[in-house]
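Undergrad: Join these two chains into a complex; the hints should help.
Sequence order for the protein chains is A and B.
The first sequence runs 1 to 354 under the working numbering.
The second sequence runs 1 to 1008 under the working numbering.
Don't read these hints as lab results, they were simulated from the structure.
No residue lacks a Cβ here, since even glycine has one placed at the ideal position from N, Cα and C.
Fair warning: there could be bad hints in the mix.
Chain A regions said to be covered by chain B (calculated; three or more residues, Cβ under 8 angstroms) [said to hold, decoys possible]:
1) 150-157
2) 187-197
Cβ pair distances, simulated, as ranges [stated by the list, open to error]:
3) B/G865 to A/T278: 50 to 56 angstroms
4) A/I86 to B/S888: 35 to 41 angstroms
5) B/G865 to A/E297: 49 to 55 angstroms
6) A/R302 to B/A857: 53 to 59 angstroms
Listed below are the residues making up each chain.
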Amino acid sequence: MGKKQAGTGPLSRRPDNSAFKQQRLPAWSPSLTAQTVLPTFYILSLVCLFLGIWLFITVENTYELKVDYTNAGTCERCFDLRKHVIASKTACTCTVSFQVPKLFQGDVFFYYGLRNFHQNLRRYMDSRDDAQMVGRKNNLKAPSSYCAPFDFDANKVPIAPCGAVANSVFNDSLTVVYNPADGSEIQVPLYRKGIAWYTDKNVKFRNPPTNDTFTLQQAFEGTTRPLYWQRPVYELDDTNSNNNGFINDDLIVWMREAAFPNFKKLYGVLNRAQGPFTEGLPPGNYTLSINYNFPVEPFRGRKELVISMVTWFGGQNYFLPIAYLVTSGLILVAAVVLTMVYVKVGKNGKNMEE
Amino acid sequence: MGSLLSACGINVKKKKVEEERHLRANDREFNLSFKYANNAIKTSKYNVFTFLPLNLFEQFQRLANAYFVFLLILQLIPQISSLSWFTTVVPLLLVLSITLAKDLSDDITRHKNDNHVNNRKVEVLINGELKSEKWMNVQVGDIVKLENNEFVTADLLLLSSSEPLNLIYIETAELDGLVSKPVNVNMNLADGANASLSAFLTFWSYVIILNTVVPISLYVSVEILRLGNSYFIDWDRKMYHVKSDTPAQARTTTLNEELGQIKYIFSDKTGTLTQNIMTFNRCSINGKSYGKSSKKKVDFSWNPLADPKFCFHDHKLVEVVKSGSPEVQAFFRLLALCHTVMPEEKTEELFYQAQSPDEGALVTAARNFGFVFRSRTPETISLVEMGVPTTYELLAVLDFNNVRKRMSVIVRSPEGKLTLFCKGADTIIYERLHPSSSKLMEVTTEHLNEYAGEGLRTLALAYKDLDEDEFEKWKERHHEASTSLEDREAKLDTIYEEIEKDLLLLGASAVEDKLQDGVPQTIEQLAKADIKIWVLTGDKQETAENIGYSCNMLREEMKEIFIVAANTAEEKSRLLGKKSQVVEDEKVDGEYGLVINGHSLVREIVLLIENRIYLTACMCQAVICCRVTPLQKAQVVELVKKHKKAVTLAIGDGANDVSMIKTAHIGVGISGQEGMQAVLSSDFSFAQFRYLQRLLLVHGRWSYLRMCKFLRYFFYKNFTFTFVHFWYGFFCGFSAQTVYDEWFITLYNLVYTALPVIGLSIFDQDVNDRWSFQYPQLYAPGQLNQYFSKMAFARILLHSCYSSLVLFFIPWAAMCDTVRDDGKDIADYQSFALLAQTCLLIAVSVQMGLDTYYWTAVNQFFLWGSLSVYFAVTFTMYSNGMYLIFTSSFPFIGTARNSLNQPNVWLTIFLTTILCILPVVAKRFLFIQLKPTINDKVRHKVRQAKAVPPPLPRKFPRRRISTRRSGYAFSHARGYGDLVTSGRFLRIPVKSRPALFPHTDTCESVRS
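Pulled out of the complex, with its shape left as it was, chain B reads as follows (with noise of 0.2 angstroms):
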């Protein structure tokens, strides 16, 4: 199929304000002389010559690099230089080179995408013949036309289509692609204190010496562990889904850390957790259910149009349709008949456009047993019934409503009868059956919760023959009723529900809504995690509820399942209080779910009740939005995000799901099947909604434990380097003197203690995986923030406070009136350095010892490696030829050699480690023994069963739903009733904008 359509490529970007345009359409000249803009393309940052300035100058933009470069400045005055210029301006270099490699990595990435974009090729009607021209080159006012599955990268309008119902199918993709997230590092800058000759100037030294409390490599390390986190979550097999071969992607490197502190997670409901698909599973026909039993497929071979992907396990139905029951017969003929499937018939083969997935897989099954639907006119609809084909005369189509809850059609069949179709939701098909059905009624009603109990979407099927004259006087009133001006739709209901009554029931349909594979399994172990789910999807309620309850989020055993579905502002917010009052007078001792739906979720009233929303959805375990537009979730996402300080995360597949992910914090797109758009606009992407758990509650958890320990362990090593020169400044007359060698500071953080701190905070693991799962509890310390909150924060402070009283005062009161075993000096400056420096770092070494969980060979190697090199780089950096080759960079010549050789050092070293490290051993003995949290009782348990490794996580069994029944089976917007059935749309092609430009309902429905 082709449609015609024209560009009036209203450039997207910088839209000024609103001003009249003038344009021809295909008058390229006229349009020209506007100098609209152009159709091109751009989403990259630089080209070639800007790239290098213009970057430089964002980097410096950065408040860390200023200041780094303000350090830089400050460190070039001689008279304030308490270091030399080089402690900062090798790692500068190294962070602004790695920042502007990345850079132009990405603007490459960038410039590739946008020539794809602006080459792809489209026709554009010039001179009055068809050209291929490229998108980029499309100007304001051209005619295109666009084939099926083609991108479209301009606004256009459409003028006409090649579809016999003028119909267009449209997903709406943002073309944007990626979305960065900017992360703010706070600094906080401790003043020195000075007392000495030139404050000003003093102040300025310790301004530099005191710099190592934000260090340059604390945001190179904290990249390189977030890249490695990331890899980590690239490299994982158990989120690789095979049947698609994708593996699990980390789209952005920043967010690792965030997956450790989900508390609200938005998700998307068709094609995330279920997969879009439609089986037609049971069926009851006149009291008969089929479909249970065998696990042999149905063989559909003697029907030459049956859908080979349909599958069927029930060989009775078969025989039973074979053979000629007028009841199956006229069950699947009403399944054929009673819709509004749009057939396209390609190939030899035939294709269904649905405008929902339900109503598909009826026409499907019909089709497969016999009753193939095959085209389609405003007046006729032609069947291949047994092979015979049957062309039957629609003479009206009373469409889905929310409220009728049904459909009929009334058919002449070739043989002149006038029958009535109808299938609805058993309820409202019950109340209208004719008495004599109400025996199969009773049968069918147990039939139908059996089906419920199994999760399915259960129709009631039920027909009508119709005496002619009846129907004739009927159909004044109908049309009368159709062209009234006033309260068309109400008295249109009216006549339908004079015809529709005394129904003959048929039996009833069951479709199964596919869940993704592992999806309540996933919610139950998200949910033990604390973390409150929330639905939002463009559904109807009940399908909506229905999918909530089959995938565990909704529960039995909730205390109470709220609806809240309201059409006007008052009456929510009434019901909403009325709601809130309830669960603030229990105090949210029991499980809560919540359903809202979206009808009253426009804007206006979120603004006015979005308190009251958040109040009591806070309080609900899990919260099911319906009919909610992408802008709604949206709107959603944002509300929560603002009210709560909670991170919030959104998982979605579609492009209706984009605005959704863009706003959480976190963005996760559902890959494979769809179109790329979700993925696009994501931070992470995999295959599969169960990965999701693994995500969070192994990678997030881990990443989120890593970089706090790292944080931690960081500040607290830095703290206590710095806290060190505090304290000399008591014996130096706060003359900014350093206690340690300047080497040893530039050195300190970018060689010494770089690596293993690195490995701690890329390899560490509390518990293994399978412990995080079997113990979904261990998440909820990321939740609340605990390990580096503000508190942590002064544990550290006071710590790193402890630690340099220690590192200082005991290495002064041994050396400072002590001298070596040949009476020579022991106390002077550079001996104390070597000796202040070196109890450091052993001090420091050993708490990240402490700090250690997962002692893998890497780790072990980094840290014996990295002591072995500070005592190697040490000699060598005080050894003669040092000294003599650049003697006045290494002045601390011999300082080495004759301080460690004496034995009064070691000691000194031995008493500050052991007085640095056992207080935090005993502190940590003592909280384990008496408030161990739930991190320590996994770990106890862990020791406990170390021969015996954990158990599987248990099958889910599939909860058995007893009182719950949907009899959903209709699409959610209005159907195409009119348009079926009006000839209008030849004629007037634009008429129905909703399904030519939809915003989320039918684009899932299209997607099928």
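Looking at chain A on its own, in the form it has when it is part of the complex (with noise of 0.2 angstroms):
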């Protein structure tokens, strides 16, 4: 088949006689008919319903509460202080105070939240170097061109991890505090590690290579800490040094960066092991004081602190079940629509006469 039979005989041009030259290959010819097409929109009517249903359920008992500590509290004086670049070194601290109304069962999860800060812009997305953070040798000290300007300092030292993200890194520190009934303080207790996803911290991201005689600090050096980090990445984490360099939990969490400008990142987990926690976040009151340091009226942003909890479908998100209910509305609309037309226009079949 396909070739030209040899030979001159006389129909030795006649092309095959296959289905598929002949263009006659069995086929399904599915069309938008009533009895197809009617059913679909009261199924799928049903369908999104049912969804909707269950998703608005889920997410009616998932909690989410925000605080924006921008100038709030006592933070007025710390917000001022880092719109000036030359005080930036100076250290400042604040307190916040807020009430949780219900109880948050469960696991709770503690997020940073950043408003119009645009972590997508182009050029500062690409400005990094995976390559440097995933622990090669070579690249420790060779940032990318696409780090750039901050892939080196005045003085040509490379810059580790290089790049305007890691730059940009955000350096608040939190500690939110349980205030009971009883006058006393207790600290909420959080997990600061195991925030940030498997792959990232496994595979994503590395130190360079070290052992029992050569420290993470002798790895780093010749290379210099980033413009506005206070201090060296191989010192980010004072109680746990497995989390310094570049699989620190919270760096790898902000170089993950969010799609839009306003985002949340994970902070840190309550740990529910003891005291007042074990059933989760308790209602009541709280504190919570912050170590401000990261400037966000520069570009006229706010931040918070968001509390949650999640389900399966996630945190709370009421847009899809209202999505899906409302979804579910219009299709049933036009279901009863199209069977009004069907009926009067098209079940006799004039319409189809010529």
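TA: Right under this line is the structure:
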């Protein structure tokens, strides 16, 4: 098949009689008839309704609390201080108190949220060097040109981690204190590790090779910290030496750039091992104390603390359930209209006459 | 036979301003001193060294390629590059190399053809002896000797011919071969808005992103599906002609979809509609009709000189001839004597060179019935009458012309009897009959009507015995008239008139101008598809009209058939003015036919009144232009092309159709019988006219449908793709950040959606071929270009806009403030990119499913395969291994794993798909119910008739034409009468130029 038969018989140039060549391949020709379209619409309407209700119930049992601390409480002062670059190295702490009206049952997640911070600007996003942060020795001291102007400092010393993304890492530290009715103060214990994607922590970010005699600090020798950083990358976590270098959880979380200008990033997970937190986060008064470093005034942004529960469906998100319910309604309306049109015009087949 | 010609190799190419040239025949040295061009032909474009640079240069001159190179340069600037360079360079290289390969193979073919033509041998007279020389080495001034049926590739001056009458027969063919028609694809570039810091750079970054609207893959896919549809034409068994072992051939691959938009067909008559075979079918002799009845062929073996190809089906006639009936013998004697046919005897076989096939048929009939025309000299005609050689003295030929519509000869038989034999149109002959024939006339008229009803071309035959004295007197006057210097024609006519009277009727002959198989059916089908058919022929008006009736173009039930036969411009324009008035008044509610006599189609007149012709003609169902030259054929096509923005198709078989075939948008050549000139310059070729309906109604319609579906879908998917970027611009500060992974952008058109859309546009058919024939009306949307008009394009834009809004804002709203089920990030850029691209791909795939009418296994495989490939490729590219090997190329590590295991991601994908698709379904359903198109209706019928296949196209009964008849059996040009009788031709060979360098008429007649 396909080839012309050899020889010069009387029918030597006759094309093959294959279904493919004669365009007679067996085929299924569906078409939009009332018998297919109308049932589909009704069924999809039901499916959407069911999903919508189910999701709605799920979301109803999920709580979320947002505490904007940009210039709330005693943070007004810090907010003003951070307006000026000169004072950027001056430490500033402040507190904001807030109330939790209802018990957050189960696992509770603490996020820091930023508004109007565009992590998704093209040139900002590109300003990083994955090869450096995967711990390649060669790349460590030769940052990619994409990092410019954050690739070398004024003395031509390579910056690690290089680039605008790392440079602008969120550097407020947050502490939440529970104030029960008895007047005591209990710090809410947070897991500050295991907050990044497994693949990021274990594959995408790696430290330069070290061993018992060759410390992380030595590995980073010959590099300098990013311009805005107060500590070098190998000293990010005082409490846990395994959380230093490129594999620092906070750094990894930050390096996963947000898609939209308003976003929240995981800060910690409630440690429910003890005290009043075994059930979750109890209702009552809380105080948030902040080591206020991250300036938001230049981009007219806001900062907030977000406390949230999660379900199988993720965090509290009313959009999808409502969207499903609305869609279900629309489909139903459309189905009814189509049915009416069909009954009135198409049923007797008169519209199909020539 | 051989002809001696001299080459005065005036090179065809690059004629400079007229200048005087000096040359001496047969003096090479002298001629070489002027450095005239040589005679080698070169149609190839490149040689080994120039191929690559020249071809690349040409390719980059194409707007599209230049545009892609420009994009590539932009992408190489890091400040601008929003996409990696490989997104453009890979497809560009692909396109360039494919085109390169194609051009290479084309040029190799041209080189081969050139070599073939240049190396043909010819006899050249060098230093007094004939030497075999290659055509390319023929020099200006050489004398060459040509034999019969040899090719000529130079301008020659005829010096002498070996033919007795110094006649030569020439077919003018154009040797430049292939035509390729450039196709322009318009490109629209959308501008990206911008609001951010460095507006200029960002602008160009957006230009790069938005290039997906017109990606290279569009060009590649269009080429592929055109090629596919061309192959389907080549492979079609229903367009394969068994007898000549000729399959249909798509010689150009770029015009398939235009086959579905034809509004005007310009057809040649002879060889295209008709077989150019005249058969002597019936005759009426002395009131008796012969030729009907028995199926058995008459056996002519009793006649050693009979033409074996001749068939006749009535034994009675042979018996009557054998029995020696004087009327019947006179009948055939007339046919054997009264004509201008040239005999040619070769190796015991007798051939006739007739100026028109009608005459040939009549003389052959006489030959088979025992009156064999053997040879002629200027003064005699030799016959073999029933085995007895007889020589007649030819005293005068009263030649045919348009006004006389008859021809007579005056001969003296061996016994010395003077007789005038006359044949002509029945009305003309009837006027000149002796009263004693009136009874016979009545009977014969009945027979004539019967023959005409069968579509035969009839002729009345009469004779008259002359008195010697009377004739002598007449001959003197005739001599006087023929030598007079003023008004010779008119005087001769009067003289002829004098002697052609009181004729005795012998009977009538009926010749069938055989149509090609299936011509009437095809024409009826095409007419139903609202395709206007124009027949352009060199024939006379009557012939053309007659054919118009017999092949169903002109119909009895037509409201009016205009016949415009005027000789001057004013007359014609006045006539036309009146006609168009009529048509306009009646608002074209009936079918009209128009017959234009080409006398007045000469160029000046075309210019004068072209608007009128066009106005009138375009309103008529069928138009027949008679007596047009090849050049005029092309002009008529040009006229319609210019005034009506419609797609035109020209179909023909001979060299005289080449100009028309080249002028029309699409040229179709009938291959097989004649030379290859028409085929060589055509875009499509097949063996029979009837295949045209399959080419247009099935292949053309499907190709158009497929191409439009392809374009609509392609633009839909790419506009949607691009608009999503635009919406994202509102969130990323118009920084030209792409929504999707760069790899997805590269592979979207190239891999993920390439095969399904090609599958759709190669296999799709709304209804199968039988139904396409059953409802030729299905062809109409293509003529109006309804499937891909500006309106349709606007609808695509709106649809894309809606889809992109859904595809961006639903995922945005669903993701912007949510987290994974373990509290970790999912609103990050990479997860969102993955979600957005998955939503897009699934939505456009479902849309593709909705657009597909014809789901073959291949379509299913392509669609599901592409989706699977998408997921497979995505998981691979986002895997640890790829990241660790190519760190900076695959930064999306782990995104697929972390994101696609989330239920809310899938719920979002489901919702976007529903919201993209259901409105389309609802809209289509509503339109099918409320305003069904012809397409919907036929598809509805197909569904109802699933069990019962549609009836085969009915057989058309042969139309009975009761009121028409044509008394035409002469050549349409003035005959050879002069040449035959005057002895001059021997001394002044190049006297009758029209016969030597025929434009149309002789060309057609010579071919028989």
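Undergrad: Hints first: check each against the structure and report whether it holds.
TA: Hint-by-hint comparison with the structure:
Coverage of the stretch 150-157 of chain A by chain B is violated. Counting CB-CB distances below 8 angstroms, 0 residues qualify, and the rule asks for three or more. Using a Cβ-Cβ cut-off of 8 angstroms, 3 residues of the stretch 187-197 of chain A lie near chain B, which meets the minimum of three, so the contact claim holds. For B/G865 and A/T278, the hinted distance range of 50 to 56 angstroms is satisfied, since their beta carbons lie about 53 angstroms from each other. Checking the proposed 35 to 41 angstroms range against A/I86 and B/S888 shows it holds: the Cβ atoms sit about 37 angstroms from each other.
The supplied range of 49 to 55 angstroms is met by B/G865 and A/E297, whose beta-carbon atoms lie about 54 angstroms from each other. For A/R302 and B/A857, the hinted distance range of 53 to 59 angstroms is satisfied, since their beta carbons lie about 57 angstroms from each other.
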